[in-house]
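*Asks:* Residues per chain are reported as follows:
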Amino acid sequence: MAGRHGPTKRLIQELQDYQHEPNEALVELGPVSDDELMRWTAVMRGGKDTSYEGGLWKLDINIPDNYPHAPPEIKFRTPICHPNVNFKTGEICLDLFKSSWTPMYTIATTLNSVYMLLTTPEPDSPLNVDIAQLYRQGDLVGADALIRYYTETYRWDGR
Amino acid sequence: MSAGSLSVTTRVIRDPQLNDNGVNNQRVNSTLSYENSLSGDIRTLSPGDQSSEDIGGFLYVPDLTGSNAACQNASVAATGVNATTFGGIPSSYDFVAIAPWFSPQCVLAYMAQAQADGALAFIFYLPDNDMFIPPTANDGVWGLGDGGQWKSLDHYPVYAIPGEQGMDAVAALSTYSGKNVSAVPNGAMLSKIYDQNALVRLYVDIGVGDAPTLPSLWNFLLIVLGILLFFVGIVSLAMHWFQRRRRANLQRRIADGEVDLAELGIVKRLTVPREMLDKLPLQVYNSNERLASFALGPENGSRTFITDLDAAQDDLEKKSLEISTLPRRNSDITDLRASTVSLSTLPPTYTTTSANPTTTSLGDAANVSSPHSPSSPITANLSRFAQPTCAICLDDFIPHQTTIRILPCDHIFHPDCVDDFLLQTSSLCPMCKTSILPKGYCPTKITNAMVRRERRLQIVRQARADRRRRQEAAYGSADRALPHPVAGARAWRRERRPEPRVSLPVPSSIRLFRAPRLAAGRRISSAPTPSTLEARRVRTEAMPTTENGAGERDLGGGGGGGGVSLAPIPDASVLDLAAGGLPRSESSFVQAQGRREWARQRALALMGHRGSVGGAGDAETVGGTVTEVEREERRDRPGGLRRAFAAVFPGFR
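Chains as they are written, first to last, in the UniProt record's numbering: chain A, 1 to 159; chain B, 1 to 653.
The shape of chain A in the complex, shown without the other chains (with noise of 0.2 Å):
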């Protein structure tokens, strides 16, 4: 099926199924317009009593021609100070998009993957050098002030 018709028609069910049930940990999530369906959008809410509280950020998902045999590709458009997460570029480190991608996730549960990561970083594999090494020193509370710091900052104001 995936073969034959592209992602289209598994997208169009996964969008279906979002509305139908909508996730705790995003607050918007669909294809920028109605003519682009391979570039979606998402709009992430930081975890309830994590250092995220009340942060907003918008994401940009690119899927690949060959989804859902391939990752999509997610990218933070709003800063984040996240161990895993490049400040500048948005780009996420998860083995999820990489070795352990099976077809069988969707747009929405790689975006709960990443709603996890945010708060169980891995400061051992970084992208964001500063706040992983406060981690990696064990500076729980310097981290979560620096995080607060940048979410209260960035947050997505809607533009």
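It should be emphasised that the hints constitute simulated quantities derived from the structure, not laboratory data. No residue lacks a Cβ here, since even glycine has one placed at the ideal position from N, Cα and C. Where hints are given, some of them may not hold.
Claimed, not checked - Computed list of lysine-lysine pairs in DSS-like fashion (alpha-carbon distance at most 30 Å, straight line):
hint, chain 1, residue 1, chain 2, residue 2
1, A, K98, B, K445
2, B, K192, B, K179
3, A, K48, A, K88
4, B, K279, A, K9
5, A, K75, A, K9
6, A, K9, A, K58
To be verified - Anything over 12 Å on all C-beta distances counts as not near chain A; from chain B, calculated:
hint, residue
7, S67
8, P127
9, L222
10, R464
Stated by the list, open to error - Reference excerpt, derived from the structure (chain B facing chain A, CB under 7 Å, subset only):
hint, residue
11, A391
12, I392
13, C393
14, L394
15, T425
16, M431
Please arrange chain B on chain A, whose structure you already have, making use of the hints.
*Replies:* Only chain B this time, still in chain A's reference frame:
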């Protein structure tokens, strides 16, 4: 041939033109004549192509009049007008030429002339009045502008002697060139002994072969180098042999099914060959009526259906537990299995519907998870029905219409969807990450990185087992106090099923959301308190990553062919494993050691020694196996020097 010694003596020869019977080729008493002997100061410039015989001949200076007049003038200036020439010696004798090393043209002219004269050897000297051994043959002094080619042109050997000796000999040549005996030094005395018309000439003996055998510095270095190379070779050979044996060993164990390729973290990159894929059963989707009603129910929302199904499954599991405890049910089970083996064109309905909720003992619970459990067929069927949609395209299967591909783990997909994936992307089931490839299938070459990986996994597993044993001893009592729905099944849980199952074919949102909060609490908290420690430890234990995966695979592989198996139901923990980049094991493990350990860890981290502490811990992130082996192999790839080193000393880290 290198010359070891050179001695110049004086000999008296008879002029063959004057046909008398005087003494011939006789050595003149050294007290009355010139004699000079050199040993060790001779440099062999070109060995010529002579054998290792000593060379002897009358010395002369080649005459360049015919070939190069300018050089002849220079030659005469250096050697004197009277120096013995070719014509000065009867041609029936042997000759050895001697000349100063001038400009390259003159030297070449000399050598050409000597060749023409049939000289046995050529002795050169640098006209600098030097008394030391001339430079080595490779020295620039001896360059003739042709890159040393002259050495191969001449058939006679070429030697060099110290300039002082050479000039001395040439000076003597001038004195011993006269037509009769009386013209030479001590001529008056000699003419009494020898015939007046005899010729007195200088004769040179070049001792070949007995060169000083003391190895020069270069020889010494070469010998040392040779020994070094020899040892390097031996060590390299040994290491190669050792690695080869390990590889063979691993290959054998993979073939025996002892080791799973998936554990080595390379199975992800394997793909399924076409012919193997074609062997996987294709079937028309043929759902059980009752379960189909779930799938095509009025709600049609897959989530609600799944929770229903989940309940049904839990229900069933209780039944199966019961079955395994009650031997009288066995006949039913056998029937069931038979029908499943025949690939259920008429799928079995649940004949074992009598549900007497029973309390199960620990032993029974363990029974369920064993691959030979009689409850297998039921679970297998269930999991097949539990999948009303294709996880790849999210389309529902239409009963009696859709063709489905059944993977060995009993997950079903549209052939169109899953075939491409298996052929091109991966050999793992997209749902449960069980390998499609049969046990022991080993298409790739076993690399050293894989051997290392396997060994490290073994060590980690060993360490983990030890740690668990220790913890068990320390926390045993607290562990027992944990609440659990099935009190007796705790051991079973720990062994097989880490979490209460959330058997959704898609990752459960509940499960996904629970983790971060837990983790968040852990992260931000300061030093762990004993109570949170407990919770964490249990949590960690409940998610043994590798063992858990292996256990599931075992179950799946047990009866893969006929579908008679306890199918690995897609399990949230497996998905968790998939998203293995999320840190869990290291920090929680380390922190589980208690407050003191935590403090130590932090102190070390501040000092920047984290790596040395987490030696075993680093390798524990089994979730990232693929990347690790890849990284390791990548590390082997670049860098010519490092690569060469790795080739010579495989396995050296």
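*Asks:* Taking the hints in turn, state whether each one holds.
*Replies:* Hint check:
Restraint check for A/K98 and B/K445: satisfied, since their Cα atoms lie roughly 23 Å apart, inside the 30 Å limit. The suggested pairing of B/K192 with B/K179 holds, with an alpha-carbon distance near 16 Å, which does not exceed 30 Å. With a C-alpha separation of about 25 Å, the suggested pair A/K48 and A/K88 falls inside the 30 Å cut-off, and the hint holds. Of the pairs offered as hints, the one joining B/K279 and A/K9 holds, with about 29 Å between alpha carbons and a cut-off of 30 Å not exceeded.
Under the criterion of a C-alpha separation no larger than 30 Å, the hint pairing A/K75 with A/K9 is consistent with the structure, at around 23 Å. Using a Cα cut-off of 30 Å, the hinted pair A/K9 and A/K58 holds, with the two alpha carbons roughly 25 Å apart. Against chain A, the non-interface label of B/S67 holds: every CB pair exceeds 12 Å, the least being about 80 Å. Look at B/P127: its CB is around 73 Å from the nearest CB on chain A, clear of 12 Å, so calling it non-interface holds up.
For B/L222, the condition that its CB be more than 12 Å from all CB atoms of chain A holds, with the nearest at approximately 49 Å. With a least CB separation of 19 Å from chain A, B/R464 remains clear of the 12 Å interface cut-off, as annotated. The closest approach between the C-beta of B/A391 and any C-beta of chain A is roughly 4 Å, which is under the 7 Å cut-off, so the hint is satisfied. This hint holds: B/I392 has a C-beta 5 Å from the nearest C-beta of chain A, less than the 7 Å allowed.
Because the smallest distance between the Cβ of B/C393 and any Cβ of chain A comes to about 4 Å, under 7 Å, the interface hint for this residue holds. Taking 7 Å as the C-beta contact cut-off toward chain A, the hint placing B/L394 at the interface holds, the least distance being around 4 Å. At about 5 Å, the closest approach between the beta carbon of B/T425 and any beta carbon in chain A falls short of 7 Å, and the interface hint on this residue holds. The interface hint given for B/M431 is met, as the beta carbon of that residue sits about 6 Å from the closest beta carbon of chain A, less than 7 Å.
Comparing the model with each numbered hint stated earlier shows that all of them hold.
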